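For the protein sequence lines, the chains are L and S, in the order given.
Going by numbering that gives the first Met the number 0, the letters in the first sequence line up with residues 0 to 388, in that order.
Going by numbering that gives the first Met the number 0, the letters in the second sequence line up with residues 0 to 388, in that order.
Worth flagging that the hints you see were computed from the coordinates, not collected in a lab.
It should be emphasised that the depicted structure is a prediction, and the values quoted were computed from it without experimental measurement.
Every clue listed holds true.
In this list, chains with the same sequence are indistinguishable; a pair is considered to hold if it fits within one copy or across any two.
Derived pair list, reagent style SDA-like, types lysine to any residue, alpha-carbon separation capped at 25 Å:
#1 Lys97 to Asn230
#2 Lys45 to Pro5
#3 Lys358 to Asp314
#4 Lys97 to Ile215
#5 Lys320 to Pro28
There are 2 protein chains.
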Amino acid sequence: MSFHPPRRTLMGPGPSDVNPRITEALARPTIGHLDPEFIRLMDEIKQLLQYAFRTENKLTLPISAPGSAGMEACFVNLIESGDTVIVCQNGVFGSRMKENVTRIGATAVMVEDDWGKVIDLNKVSQAIADNPNAKAIAFVHAETSTGVESDAAAICALAQQSNMLSIVDTVTGLAGVNVDVDGWGADAVYSGTQKCLSCVPGLSPISFSDKATEVIQNRATPVQSWFLDMNLVMGYWGEGAQRAYHHTAPINALYALHESLTILHEEGLEQSWARHRHNHQALKAGLEAMGLSLIVAEEARLPQLNAVSIPDNIDEALVRKQLLENYDLEIGAGLGQLAGKVWRIGLMGYSSNPSNVRKCISSLESCLMAQGVPLTPGAAISAVNKAYS
Amino acid sequence: MSFHPPRRTLMGPGPSDVNPRITEALARPTIGHLDPEFIRLMDEIKQLLQYAFRTENKLTLPISAPGSAGMEACFVNLIESGDTVIVCQNGVFGSRMKENVTRIGATAVMVEDDWGKVIDLNKVSQAIADNPNAKAIAFVHAETSTGVESDAAAICALAQQSNMLSIVDTVTGLAGVNVDVDGWGADAVYSGTQKCLSCVPGLSPISFSDKATEVIQNRATPVQSWFLDMNLVMGYWGEGAQRAYHHTAPINALYALHESLTILHEEGLEQSWARHRHNHQALKAGLEAMGLSLIVAEEARLPQLNAVSIPDNIDEALVRKQLLENYDLEIGAGLGQLAGKVWRIGLMGYSSNPSNVRKCISSLESCLMAQGVPLTPGAAISAVNKAYS
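Whole structure, please, built from the sequences with the hints as guidance.
Here it is, written out as structure tokens:
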């Protein structure tokens, strides 16, 4: 029997609500992955991704798999067995980076910060001083598990000064806050489609600097993954009309990515960031009116991902269950050491709009009151409305 | 500007024409990858894949990336550095298997047969005798580059008798010809969605036997790919309502896969194979009426992939270009050592129908006549009609 999904409002850590223009594009007729019209689409996607990433990097394209594969593509292409990588960890995804490094046979030197805090630049500098021969510094610009934005420009600059490569996770960052690949001087950056691009999940946009590309082309050993070997992927995504078959591209998903990037281009990057900030401010006003607080310091908050402390004596899983069942509203649970301690409320891409903010605040208010939290009905929505006025 | 693809008829080596029911499912509203309704969908997909693969293997699921990643998943999970693998090669995809083996740091012992020929069982037996400590035998059941079906049952039996694992590529086989995972006693099998399932490209259904699963669970070293590590993937696709987040599943693509498997189940496996054979016979009749021949011996032909010898003095690329531009019809070029020597005409899944056969034969006839081939107009279509009558 065919599967008919319920219609949810997606305000978790991703996927976000998909713009109907994008699902419509997704369903267009499939053509071949070597069709001249498809090659033209690929060229447009590369240009649009350069715009989104703010880069002129030629090697800018979507990996045909989710963000985790984008992460792996960066590591397996740039790092070889025996290398040392400085890995900053202030949430779940830093530990995943460590896994990637060690599975290559390389050494991960960890720089650890508390979850919910930014990466400490002094610690990074110290790690560089202690490991002058490290090949790369890897860090998460926008931590999806905590909602923290770290100072990508500063960390990339430290890497450059030390002649190390920088590897940057901005899965949740792209299109929600400033991702300035060329301005930062980042060497390898990966993202996802299902966050602030509001496209369907399944692809990972990545970008490599010319310096990184040279490293990939001059490796001592083959890339351990055939599927993710950029030397081969380049033959398909490269320049000119002739493209060498590598794998069958996910045609329809790329229609959708193209449409989502077109929408971003129409809106404009700065306007997209401003919209994310604006709706975040309104959400924050509503949360605070209910006595709820965000775990991240104000100056380091990602507007698109709000990690909210769960009040004492609240059955947090019940709240999420009620939001889903009674309001068709999805918010995220905490991950790792924040499991049970925070909710993650996403305001990403198409999901970042006043209607969603109001829906989230009013339904959360109901659920909290049902658990005995003494709230004045309507006060939180008034705060939201005031923030928007 | 939005991308609007032309409407092609896809009769190459895949992607095949996608049933509109499937693109419709693809465009349904995105829900979360941990939504209880999505967990239910995942369970149904596993059951439907067990039906398609004819297996009771619990570890049967779609990898969130194309067939090449499915291949890599089989190798990186089952093989470790230092292992020996017997790899049969009779086309492009055998050499890709070799690449996978060597990038793990394992040794590939090659069993080579001519392209377009089946795998020689005697050579496999000899390789087993010469390499009694090999861990696995890997081969391509349905070679997409040549259209050959090799004897999967016999090769899997040889592997079993020698206590070796079998790794089977049936990207082009599944749903087009009998893929009998449990009957063969195969240990690891992977396929693709964009061939005889007529789903959009981007996923790779795989199945591991209990024996293979034990091997994966008892490895001496970690799987070199974090993204493809089945020990982790199992935590998300496994049993019960609680699923551990591993990566964000490609939600909408899985709606599409579910619909394509539902369609297959409605038609029935045997009926699907019979339909593929039937349309192949008609295509063959039309090709032969034009003096064209298939490169594969009759008893080893895959009905869904027809490799046609290109006649002397024909500009084969011009023919493909004319078919695409004048008829919106895609057929495939030759790959590797068959480049320039064959066309590959696919009759896969939804593309395997009388209307496509007639369109292909009549437009190919026109293109050949335009290059001076002396044909009697309409004779080929008459042969097709006779085959259908």
